[in-house]
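If you read the sequences in order, they're chains A and B.
Per my numbering: the first sequence = residues -8 to 94.
Per my numbering: the second sequence = residues 304 to 469.
FYI, nobody ran anything at the bench for these hints, they're computed from the structure.
Note that the structure is a prediction, hence the values are computed from the model and not measured.
Virtual Cβ for every residue (Gly too), placed ideally from N, Cα, C.
Calculated Cβ distances over 12 Å to all of chain B for the following chain A residues:
hint : residue
1    : Leu87
2    : Lys88
3    : Asp89
4    : Thr90
5    : Asn91
Derived pair list, reagent style DSSO-like, types lysine-lysine, alpha-carbon separation capped at 30 Å:
hint : chain 1 : residue 1 : chain 2 : residue 2
6    : B       : Lys392    : A       : Lys75
7    : A       : Lys(-6)   : B       : Lys432
8    : A       : Lys75     : A       : Lys88
9    : B       : Lys328    : A       : Lys76
10   : A       : Lys76     : B       : Lys392
11   : A       : Lys88     : A       : Lys76
12   : B       : Lys382    : B       : Lys465
13   : B       : Lys425    : A       : Lys(-6)
14   : A       : Lys75     : B       : Lys328
15   : B       : Lys392    : B       : Lys382
16   : B       : Lys328    : A       : Lys88
17   : B       : Lys384    : B       : Lys328
18   : A       : Lys76     : B       : Lys384
19   : B       : Lys465    : A       : Lys76
The calculated label-pair distances, taken between Cβ atoms and stated as ranges, are:
hint : chain 1 : residue 1 : chain 2 : residue 2 : range
20   : B       : Asn440    : A       : Lys77     : 43 to 53 Å
21   : B       : Arg329    : A       : Ser82     : 17 to 27 Å
22   : B       : Ile430    : A       : Lys77     : 45 to 55 Å
23   : A       : Lys88     : B       : Leu401    : 22 to 32 Å
24   : B       : Ser354    : A       : Thr90     : 47 to 57 Å
25   : A       : Asp89     : B       : Lys415    : 45 to 55 Å
26   : A       : Thr90     : B       : Phe419    : 48 to 58 Å
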Amino acid sequence: MFKNYLILSILLFSLGLIGAVSRRNIIIIYMSIELMLNAVSIMLVSYSSFYNTNTGVVLSIMVTAIAAAEAALFMALFVTLYRKKKSLDTSLFNSLKDTNATK
Amino acid sequence: MLSNMIFIILATNLLISSFVMISTKRVIDSALSMLIALLSIAGIYATLQSSFMFITQIIIYAGAILSLVIFIIMFLNIKDKNLPHEPHKTRDMILTSLVVFPITAVLIYFIKLSDFSNLNEKTTSSIGKVGLELYQNYVLPFELISILLLISLVGSITLARKEKDV
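Given only the sequences and the hints, what does the whole structure look like? Please build it.
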């Protein structure tokens, strides 16, 4: 039973990794990162539940709090980038690129 | 037996909805299937008898973070022409999963090999015990997280503010 939780967590993490690497939509990339954080949380909580300790739950609460802080910053970033580029495509976000370097 | 069945249903629901989340074109479909995924994760916390994480998952993830995402998607008024043009999306996803698959397979193989025979039964982690653990052993990280949240609040307001014309 415990192994099922670990396998589920690993599969969820892999799905999140595939989404974060292969997509070009910035909101979907953000949601894939959230999926990976959730996979780690499932693993921590299942360890904590089966080994009869509370440390995993505490660490998982901290992961959730950091994800909330990250969400606020990501939303501000979406608004700023969308206002400048009118698109969600990550390949267009190249404002820091040195245009003289390639010449 | 019943809890096993519930776990299988929730896990299937979770994996299918997360696959839909990473593969749809429109952002709002992706956000709504992420809502289903987050609620399934809350159900999985419930099968682990971890009541505090169940409540936290529903209130913070499904209630706060995801409603913020949906609010931003509606606020930006994203049309189809503003979405990225991804002609090779299926090919890219298949290639990425070919890279990720060996790591996943090796990890699952090692989990199948390993011996967890000294496990306890699933125990209920009550909110009181979690709170005692949090305030006895993890006071400093807890306070640091409150500072981090304050900094991210100020930072996001500064970042999203409209700049004056130079």
